[in-house]
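Read top to bottom, the protein sequences are chains A, B, C, D and E. Using the working numbering, the first residue of the first sequence is number 1, and each one after it goes up by one. Using the working numbering, the first residue of the second sequence is number 289, and each one after it goes up by one. Using the working numbering, the first residue of the third sequence is number 523, and each one after it goes up by one. Using the working numbering, the first residue of the fourth sequence is number 868, and each one after it goes up by one. Using the working numbering, the first residue of the fifth sequence is number 1261, and each one after it goes up by one.
Since the hints were made in silico from the structure, they are not lab data. Where hints are given, some of them may not hold.
[To be verified] Keeping only pairs whose Cα atoms sit at most 27 Å apart, straight-line, the calculated DSS-like set for lysine-lysine is: (1) D:K1017 with D:K1255; (2) D:K1042 with D:K1248; (3) D:K1248 with D:K1200; (4) D:K1248 with D:K1044; (5) D:K924 with D:K949; (6) B:K498 with E:K1485; (7) D:K877 with D:K1232; (8) D:K1154 with A:K56; (9) A:K56 with D:K1232; (10) D:K970 with D:K924; (11) D:K919 with D:K949; (12) D:K1015 with D:K971; (13) B:K498 with E:K1434; (14) E:K1415 with B:K457; (15) D:K1044 with D:K1200.
[Claimed, not checked] Only part of the chain A face toward chain D is listed, based on derived beta-carbon distances under 10 Å: (16) Q120; (17) P122; (18) R182; (19) L208.
[Said to hold, decoys possible] Some chain C residues judged to face chain A by a derived CB distance under 8 Å, without partners named: (20) L656; (21) G661; (22) I828; (23) V833.
No residue lacks a Cβ here, since even glycine has one placed at the ideal position from N, Cα and C.
The primary structure of each chain is shown beneath.
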Amino acid sequence: MNILPFVISGLGIGAVYALSGVGLVVLFRATGVLNFAFGAFGAMGAHCAWQLLEWKVPLIVAILAAVVVSTAISFLYGRIFAPMLSHRDTVVRAVGTLAPALVLIAVMGVVWGELPRRLQFPTDQMFVSLFAARLTYTRIIALLLAVAMVVAITLLLSRTRLGLDMRALANDRDLSAVLGVRVLHTETAAWIITGIFSGLAGLLLADLVRLQGTFLTLLVIPAIAAAILGQLRSLWETAAAGILIGIAEAALTPIAWISPYRAAAPFIIALAAVTILGGTAKAALKDR
Amino acid sequence: MITIDNLVVQFGGVKPINELSAVLTAPVAGLIGPNGAGKTTLLNVLSGFIRPVQGTVSLGAQALLPMTPLQRVRAGLRRSFQTEQVVGDLTVAGNIAAIADHVVGAPHRSEAVDEALSFVGLSAAADRLGQSLNLFQRRLVELAKCVVGKPKLILLDEPAAGLTEEEGKAFRELVLRIPAEFRAQILVIDHDVDLIRSMCSETMVLDYGKLLALGPTQTVLADPNVRRAYLGEF
Amino acid sequence: MSVQPQTIASNAEGLSTMRLPKQLLHVPVTTALFAAVVVLLANSFWLSAATSAVALSLSVAGLAILYGQLGLVSLCQFALVGVGGWATLRIGHAFHPPFEVSLLAGGIVASAVGLAFGVPALRLRGLYLALVTLMLAGGFQIIISAWGFPDGGPGFLGRADGSGREMLARPVIADGEVAYFLYVCAAAAIGLLIAQWHKLARPGRAWALIRKGETVAVASGVNVLIYKAWAFALSGLLAGLAGGLLAGNVGQLDGRAFGAFESLNLFALAIVGGVFNWYGALIAGLLLRAVPALLTDLGIDGYITIGIFGVALFHALATAPTGIAGQIAGLIARLNSGLSRGRAR
Amino acid sequence: AASCGDNSGKPATGEPIVVGAITGKTGPDDFSNSTKAAKAYFDCLNANGGIKGRPVKYLVEDDQWNPEIAAQLAAKLVNDEKAVLMVGNSSFVECGANADFYKKSAILVVAGVGVPRECFFAANYAPTNAGPRVSMLGAMGYALDQLKAKSVVCIGPNIPNVGTWSCDGIIQLAKEKGLTAETILMDPGTADSTSTILQAAASKPDVIILGLPKGVTVPLLTAAEEQGLNQSIKFLSAASAYDLSVPGTIGAGWDGNFIVNMEFNDLEATTPDNQNWLAVMDQYGQKSDPRDTFAQAGYLAARIAETALMTLDPANVNRETASAAVRGIKGFKSDIFCAPWYFGDGQTRHNANSTTRMAVSEAGKWKVVSDCAPSPDPELKDIRAFEKSAGIN
Amino acid sequence: MSGNSEVRVENLVVERGGKRVIHDISFSVAAGEVTTLLGANGAGKSSTVMAMAGVLPRGGAVRLGDIALEGFVPDRIRRAGLALVPEGHRVLGQLSVEDNILVAALDPAATARRQGLERAYEIFPELAERRRQSASDLSGGQKQMVAMAQAFVAKPRFMIVDELSLGLAPAVVKRLAEALKIAAAGGIGVLLIEQFANLALDLADKALVLERGRLVFDGPAATLKAQPDILHGAYLAS
Ligand SMILES: Nc1ncnc2c1ncn2[C@@H]1O[C@H](COP(=O)(O)OP(=O)(O)OP(=O)(O)O)[C@@H](O)[C@H]1O
Ligand SMILES: Nc1ncnc2c1ncn2[C@@H]1O[C@H](COP(=O)(O)OP(=O)(O)OP(=O)(O)O)[C@@H](O)[C@H]1O
Ligand SMILES: [Mg+2]
Ligand SMILES: [Mg+2]
């Protein structure tokens, strides 16, 4: 069976993993918080966009609204709640983000229920045909957005003062404070940035995958596989890993006996990688 | 007796220890040198946390490098760290028992612990928690851990750092009793020259990973190279 | 991770061997009291909920060892519960041995798997380890939702197709609801005792050193790999037993109930319950099953329940660093000191 | 106006009869519409004389798609609340978790919507719906007779006793009829629908038959449309996709190309009982309660229960008598069913509803495109045999 | 270094682990000179300065010149001009040596920050050699140098050093002492905690002595050198 079409469709889903993976690593690099609610933030924004579209609001407005909503939520959590856990170890701070995730799942469940919805962009209808498979512009946009995020954040972290402060914070919050790094200001900035990313990612996921609160929230877990392969620090590796995982997952489809289990591909790959090189990886041995 | 022959440690480009050869015989030997000279690195080599790229190290007749860190501990090697490592949520006794568990046979464990406690004079504080101790007491706990279970070689990395002069003196007295009472050789790193002078009959000076001087403490400290490179005198 | 006095207190007495048994006595006594209260008050619904809760508290005890003692985070504990349940059902349906045999088999298999899960992790730490274990949970979710749990059918997977599903027979001595609940309490008490003993004795000290720093541990003669592996195996065993007991409760298990998110939830509630006191596990178990049961019983909408959980989780994390158990212990300590001062006067 | 009970308009005041239900509300999908409709009907009944003066106390619990909770709730309703009957149950996990418990407790379940195989292979569990397999084979029948399909691909979830069960039926029938057929099992949790669709399209089938929750069906169709397959291949689905929201959601691209099986009559059918259902919903349900096929199932389950209980002496309604009454149900007629419903006394399994229709997505609505036809499911042999022997239709 | 940068501490009270370790002490440290804070281990020296820098919660008031540092978080206090070098050579291990120093330079102008960096390298050529190395790989003493450099580049109005010579070779200590003298001469106030009393007293103009969280001496360093018994009393007390 010809595998190339699956590689192409893998690009699509890979973009999804890359987007979320990078979004996670950004916040982690900046604040030391791994945000399990990343998907939920995005899903909330996407639902709002859908609602606005139902009310016949122009698409661009809906998109903006979605990003604004996700960012606002992220800002609220980062500014008000995250600091309450700032003195705890990274795992507890990560677990803390389960709270907003659960709350948002509840809100979305109560307001919109679990009816299958579909967020459509004009770009879904435009596509390029490759190897008997179609790659819609939406997916291409997702890929480009992932790359753009990587470039932008890499520059931010390596070139700007804000980036330096972020790296310092992620390393040792208390010491950074003693050194005069504006803790709240910097962390808030980081949360706003991921907020924006989660908003964009949420919109794309809602279109590419499905608009369903719980589902989008849980999509964070396979995305973490990409983050692990990027050792929670390299944005490039994370993005690349995300795309490769997507391709691998898709490419397993034609193999009949694996096909039903292929959704496990992200996890298996991450585990294999860790077992082979993880132990030696610096990130693994550092306490984070 | 510690014999070091043509030892080289390398991290990427840097060579913290570079073709070092030395023989240490004194019961209490000193190891000094500028910051970054390679002292801690040498200690890590001796205790097995860093693998040198070449050279040999032997304790008495026994070659150390082939042994894993654990084997070295069981063979009687003890060390303290540059920053004290007392476990905050174990009692003083617990901290010492934690090592006794592994280097003393079950029947003699509790008395080994008591012995170490009384040696450093912390018997009274046996049930106090590590985190409630002040620095001096923490250093004493570390020393107590070093004398548990028939030590042969004890490595102390700046054991008196942060201690006041009085505490330093008290500490020194304890260390000086160890060779006689526990039959162990001691290697001390410290930047407190007075402490070294009064404790170590023999001293080794490192600079940029190379041996700058080795011999009786007095002569070594009088050596002009040492005075320039280490004490910063001219 | 700031470790609070009371943990320490328990550890402190680890050395003075005469106080050791007294320390351990708390476990069976408390469990017995709890069991008595439930049996007297609970109806069928609550009994079933309480049984699950107590069973799960065993798996939490496993987490508490890894996190509270070693500072290691496992986010695949609920998956291990599933493994234990699977093995228990598999053995039970295949050979129809006494329940205890299947249960133990479940525990051992889970412990082996836990070890296997642990091995790649032995060199990892902190969040990185946590996420790796989460990957395991994710993988397990896919597999188990496709395999399902054995229900008396043929073959390795042991799936009966719809008709003729069998239930796992409960232990002969404890077939009824109440009897089985007590049975589970007894099993849990034993498991918690084992865990507690480990904390107070030699392994506990070695683990404390490892938590302080692996080089430090090695320099004190601790074989880090062995003691870590041992912790993973023990934690797996407890999770496995929990799974087996759950299987015995309903008579079967369902693949959809063992998602990765459950493992996350389990860890979160373990922290809320408190990983530094043995009864934190019991509290976490209740939070996992009894509290949702209560909300269901009050007829509160499922989504609202999830929301309430989210809020409560954060509140607990933010206000009680050592979990509810930590606060209780603090209270007890204050009471004791108050009493002794009273006596002094 | 809604017609129920004795239509006396007199509220029932006697001692309530406890009837329970377990539904899957919170989770991957919302199945609670069935119990909502049943509730509406029982309210209507209680407002009209109830069961010979005794109102029905209808207790509904949400199992949150968690078998463990489902078991707890069953214990609560049966042991603690002492329900005499379970009516309108609609849950993905409940059958597997509770079938044996119901049998042990000698209580009968007149379920609304059953999905996994366990729901149709239990002694005490009788759903009013047809079930995914019967429904998919209904669709298959349509593909054979109307679409003249020569090759078919079946896509089901890789959940035990759901996906394999249904698709096996398709394969079996295909063999009998000499079609080429292929099964694809997918993880409903996967984010990658496109690959699944490409896999299905790879063997160039005439029709693809889906047996998935609507939440998974819609993204699959979306992916198919992206790949332009909605033009080249006909997509059919089990009744799980027969939801009012679906045609609008999948959009104009599917007009005439997505055909679903219906376990019940057209939702807008003007036939008397269907109209009565709608009237009951309007009078006694919430505005927000969906008027969908689940609701029809719940309504029917409630009416069947009513019919059964009415045969009893109100002074003597308990689990035995109620069960006996339900066992006695035979030829229960409603124009929402294609064929009369019966319990099937003595049967080890129950699948009374096995005659179905088809509808096609058109301009954001469903349009019925076939009359009632018995589902050609080979597995129904025993059911058909019993029907013949019992002289039912 | 504008304005008067004298530091005044009034009725300072500090609790740690629920137990009071600083009992209501008051003192002031003048600008333009070096003051040393002496005392036995556990006397409360670190607690005092950490409280002043806002790292530990405290009772009482701390004023830097005309600013009252009430309810200030550590970073605001640092930016207000009070820089602390904490005990036990802590550095940002995952950052390079250079980033460690740059992050502590608070000047808004990038060029000014660079200049500060270069001046730090003049004081610690050891660090210049390792500017790209990640700080976790530094030796103990090198870490202490980084910590000192971080304080210097902040251009503080007032500087506190906890355990100056800790882990530093004598040669380096000499250089540091000079650097501090120059800084003080430049008009900034310096508060110094140092294990070696005589080193501290040689360097300092004024001295404070803590004993079990209480101030037992506040006066010229010379006086203390003249009457060592005061010190010994304080040390033996613990
Ligand atoms: N992993 C590493 N990579 C690169 N360089 C390293 C690494 N570890 C240590 N070094 C360098 O090796 C040299 C020796 O370090 P070491 O800790 O032995 O010095 P030291 O003599 O203990 O100094 P101090 O007295 O300050 O403790 C230092 O210059 C340090 O920067
Ligand atoms: N984390 C803590 N919890 C409880 N008490 C503490 C803690 N840290 C220090 N203490 C106590 O506070 C008191 C003062 O400690 P501090 O470190 O300020 O003394 P110090 O003068 O700096 O001693 P050193 O010379 O060792 O640094 C000591 O009695 C110490 O036991
Ligand atoms: Mg050193
Ligand atoms: Mg101090």
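Worksheet item: Are there hints from earlier that the structure breaks, and if so, what are their numbers?
Response: 1, 6, 7, 12, 14, 15, 17 and 18
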